[in-house]
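4 protein chains.
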Amino acid sequence: MIYFLSDYSLGAHPQVLKALEESNFEHTDGYGHDHFSDECEALIRKMIGKEDAKVYFFVGGTQANVITITSMLRPYEGVITPRTGHIYVHETGGIEMHGNRVFAAETDDGKLTPAAIEKMMLLHEDEHTVIPRAVSITNPTENGGVYRLEELEELRKCCDKNGLYLYMDGARLGTALTWPGTNVTIRDIARLCDAFYIGGTKLGALFGEAMVLCNPEFDRDFRYIMKRGGGHLAKGRLISVQMKALLEGEENSLYFEIAKRENEKAIRISTEITKLGYKLWLPHETNQVFVIVDNKKIEELQKNFMFYVWTPFDETSSVIRLVANWNTKDEEIDALLEALK
Amino acid sequence: MIYFLSDYSLGAHPQVLKALEESNFEHTDGYGHDHFSDECEALIRKMIGKEDAKVYFFVGGTQANVITITSMLRPYEGVITPRTGHIYVHETGGIEMHGNRVFAAETDDGKLTPAAIEKMMLLHEDEHTVIPRAVSITNPTENGGVYRLEELEELRKCCDKNGLYLYMDGARLGTALTWPGTNVTIRDIARLCDAFYIGGTKLGALFGEAMVLCNPEFDRDFRYIMKRGGGHLAKGRLISVQMKALLEGEENSLYFEIAKRENEKAIRISTEITKLGYKLWLPHETNQVFVIVDNKKIEELQKNFMFYVWTPFDETSSVIRLVANWNTKDEEIDALLEALK
Amino acid sequence: MIYFLSDYSLGAHPQVLKALEESNFEHTDGYGHDHFSDECEALIRKMIGKEDAKVYFFVGGTQANVITITSMLRPYEGVITPRTGHIYVHETGGIEMHGNRVFAAETDDGKLTPAAIEKMMLLHEDEHTVIPRAVSITNPTENGGVYRLEELEELRKCCDKNGLYLYMDGARLGTALTWPGTNVTIRDIARLCDAFYIGGTKLGALFGEAMVLCNPEFDRDFRYIMKRGGGHLAKGRLISVQMKALLEGEENSLYFEIAKRENEKAIRISTEITKLGYKLWLPHETNQVFVIVDNKKIEELQKNFMFYVWTPFDETSSVIRLVANWNTKDEEIDALLEALK
Amino acid sequence: MIYFLSDYSLGAHPQVLKALEESNFEHTDGYGHDHFSDECEALIRKMIGKEDAKVYFFVGGTQANVITITSMLRPYEGVITPRTGHIYVHETGGIEMHGNRVFAAETDDGKLTPAAIEKMMLLHEDEHTVIPRAVSITNPTENGGVYRLEELEELRKCCDKNGLYLYMDGARLGTALTWPGTNVTIRDIARLCDAFYIGGTKLGALFGEAMVLCNPEFDRDFRYIMKRGGGHLAKGRLISVQMKALLEGEENSLYFEIAKRENEKAIRISTEITKLGYKLWLPHETNQVFVIVDNKKIEELQKNFMFYVWTPFDETSSVIRLVANWNTKDEEIDALLEALK
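Residue numbers (the working numbering), protein chains in the order written: chain A, 448 to 788; chain B, 448 to 788; chain C, 448 to 788; chain D, 448 to 788.
Don't read these hints as lab results, they were simulated from the structure.
Wrong hints could be hidden among the right ones.
Intra- or inter-copy, both count: the list cannot distinguish identical chains.
With a straight-line cut-off of 20 Å between C-alpha atoms, the simulated SDA-like cross-links for lysine to any residue are [unchecked claim]:
| hint | residue 1 | residue 2 |
| --- | --- | --- |
| 1 | Lys604 | Glu695 |
| 2 | Lys750 | His480 |
| 3 | Lys750 | Ser700 |
| 4 | Lys750 | Gly477 |
| 5 | Lys493 | Thr531 |
| 6 | Lys750 | Glu473 |
| 7 | Lys566 | Thr554 |
Please take these sequences and the hints and turn them into a complete structure.
Below, the structure written as structure tokens:
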């Protein structure tokens, strides 16, 4: 069985595993009070050009999103996200568990626009209504789309106008930052967002996401908030050891290398699949490719390949999602293309 | 200043006040453990033709909705309501306070349809997604519309098919049941809903709503759930004394008399306003009339009349809401019509 | 059946009912946006000598406590109360519903001491532990005890030292303020507490408690917090109309008159019962009298009198609670004393 | 610096790391839907002699406790634990985050007794009070104590009598099961508890705890509950791969070998320290040793050794905690003993 199912279907990049092994016998304090975490924080601060940023390490994306976003909200406040957003669709109501509302805004392609935000703002009237207080976007989006700098600048303006915090779910951030067409740097993101995370799980780590609090306002008792939400790992350094191994070298880091590789493999898939006559559901960006395939063909493919059937397209065909991971091999793509012929 | 603002801008019907006075010096146990509450429960059971129904008394509608609906849900479950629904729009996230999601379904006129429910059901995939488990409708809707029997039957079928409970917010239930065009009885509602409430606050009580649990499944520790949610009144009988005064006599009760009167006054408003050349925003039903009025005219009206400007209609006009209450007088309507000329 | 069960077993003082009747036909905005509420706030500000205090009106004590206390806490913070405190014992986990902890501190008689607070503070170490952030006391306590000025001053000092807010549940506040032995005025309470409420339900109102936020810090979006917690009444003025009727005249107000009367009747009970040879469980203060009675005698009494059997005392006797209400009559006490002979 | 700080201050046992490496390049589905998790479940079922038990894998103990315990409770219910219990003392109110109460019961040594449970049960009267519904014990306790079979049997009886579920936090379960004086097997635990977990983090894993639901009642939508609480790891197999490596071989497994080793090293510490004239705070059991040391000596030790100062003992001395981990070496103990001379 060949996996195009997700970017978390296999273990870690060997260099990440090596870093874990090398630090294995060292003793440190637990829960992120260790020199690896301090060093990784320093590394990230330098990388984003923000010396007062705070970095916290989460095991996974759902925890990172839920705990950080709700830490931005008072109980009667909510967060706006596209109706395709992970916090609305795929976190089983984690935001609501903390008592806050998710406002699901309209979107065509998975991106949030100022117009969609403004429309949700109308829901706020007075004390009888939830106050939208934060905006959560995913970059790249759940459909693989990359926000352009002008789009992020407009979102920031809209947030400032409406008293909203801007949060970015960066589960696959590396693939957005290294996408050939992008004009956004991680420094732009740190400048425009109140908080965002650099996702490791889908880019070569066993697990782990580095949450960057750009707005010092949110660094109030954040460790308490993490702990209460089940967001601390006893051997907390396990995450920073991995993230450090990934991020060291900044532009030349393993993280960007893996991201580029994932993008390149996905480009090969989308390019060659198109040549075979298949149509893409959405213009392809980053390491997820959404292709329209005949339902019978899908059944045939499922004998040898693992992938998600994303959504029905019409009566006879559906959209499938093909994801390139850090170790996707050309032979695997060859086999897929052969099967698709 | 003449009030068409709401049906809760003044006190209680004199007969309701009288009932409070007459029972004032009697001693009873607190928190609803009293003979008035028992008698009122018996009265409602008879009225709805359901001897095993349980009746609980709430001070107001938001509490009634939030506590009862969330009592139907496990933590990872949610409730579907039209995007105009009170629990989505005007309860400041009370459902989310209990950790549950409100799914805001599309609606044209404030009514929920099986098609809109089915669309929300698609959001449920597996353990990563919130399970829709209840449907909440308001009857009459927030826009005044009355559900017809065939609509309720279809909603029930849709709920059964999808494993959903059906809840009805009856803040103005009397006006729906006595609306000239209705074909729905309170027995139909008790047969089709898992729970609903008979609203008193907007139909002549000082305050109070009688929650009817038709589905015995929800009568598990309901008093605990009420108490935890702040839903018990120390002198609990105050609500049942009022509801009893309103409901005694069933079809000939004060409740239905008030409801009919509210509808009649509203009919007079909508009929004569239309004759004056004004257009209604929606076909008029029950005691709320939504009229499109020029913005300048609105400003003028506001000098002498209280009403809500509901929503902008176009660049020069808006929708205003005119509500008839239990004591709306013809002279007040005369004055309004005169001012609208 | 003669009731010494509670101070909420009957309706309202006739003057309170009269105030409701007199305002019944007047129209106002809902949810506390009305002139009665403004006037009652002004009255209370004058009475407590604090022009910047904010006053909000709640239907009952549990809501008042839960919503106000949790509004003082961040999610990982908790409130310290004596183990006999209403929020720990008799609110079905309302504080926990909002996600906060109640720390149950040791107490002999129902009063909280600085020493007991200091002991609970030791539970706070670091991010793994809940931070105590508020102290909640009831005055008079659930056992009827009245805090003396020096005790309140010491509690305030202890709170300041430990970064704790001080909240007072004043369900029966009037009886504490008018207790013969007291040296505390309502101005002292407003000076020493961050928030407290003047309870109406147990002192002649149908229902209603006036929450006084002395610390302006807590007046941030308080209306939203109330609404979310189900704490707004549609016809909000019903509470302020009653509280105004009770509080007008300050020291000479109906409120203090009722409080004094409740105390006097209780004093008669405790004095004469002692003369009959019965022993009090605790030194008697305010309108609750706790008496040790033989279990057989209790059974006999229960045929004609309603009261709580509070707690077993020894193998053959129990503590019963006798409460004087705003309408307790000497004939009722006579009957009780006769039965106790 | 030599670490006796905790059993989570270093990485994983080499065999555990090896298992992660060996499975690293294999692709599987995420979130625990993989053959490693199935195999580990089968292994544990066999080990505990309960074919219908369900096993779920958590990253850490706080998540495991909070999510599982709250899944046993309805919103108005609470859990009883000793006042030293992890869920009361060291989880920053995680249980309360889910809206439930933790009842802190009295304990002398960290163990819970039927008498202490019965005392807490008295708090439950009626709808105004939280219902205790579960009991949570830690074995070994936070003070290192091991429950004996007769103690567990008595607790189970008490739970059955009072309608309570019995939950065991097994963060260091291996050290309890292999403690020389124990008469409890893992089969006893599975027979007596409704749920318990086999802790990996403190016994040689990088991270991970295997939650065993012995009572099939709790396997309702447990995956949803885990997800909502942030309790799923994307590469879920990482935990089962480790737990499988630890548990394979049952009595002869690596898990028991590590546990025995931790106990042995701790026995060496407690024995030789006593010979040096130091006094233990509590009779020593399992891998935590609590010793009373002069405060000046503690300062001196802190230059070269890491450990927790647990609690003040008297004015001049304190209790320190010395923990043996899976890799504690005799040289390290030698150095400690030398320093203590």
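Outcome of the hint check:
1. For a Cα distance limit of 20 Å, the shortest separation of Lys604 from Glu695 qualifies neither inside one copy, at 33 Å, nor across copies, at 52 Å.
2. Taking the closest pair of Cα atoms, Lys750 and His480 come within 20 Å of each other only across two copies (18 Å); inside a single copy the shortest separation is 47 Å, beyond that limit.
3. Proximity of Lys750 to Ser700 under the C-alpha cut-off of 20 Å is found in neither arrangement, the shortest distances being 37 Å within a copy and 38 Å between copies.
4. Taking the closest pair of Cα atoms, Lys750 and Gly477 come within 20 Å of each other only across two copies (19 Å); inside a single copy the shortest separation is 45 Å, beyond that limit.
5. In the homo-oligomer, the alpha carbons of Lys493 and Thr531 never lie at most 20 Å apart, since the shortest distance is 33 Å inside one protomer and 43 Å across protomers.
6. In this homomeric assembly, Lys750 and Glu473 come within 20 Å of each other (Cα to Cα) only across copies, at 18 Å, whereas the closest approach inside a single copy is 46 Å.
7. Taking the shortest Cα distances, Lys566 and Thr554 sit within 20 Å of each other both inside one copy (12 Å) and across copies (16 Å).
Of the numbered hints listed earlier, those contradicted by the structure are 1, 3 and 5.
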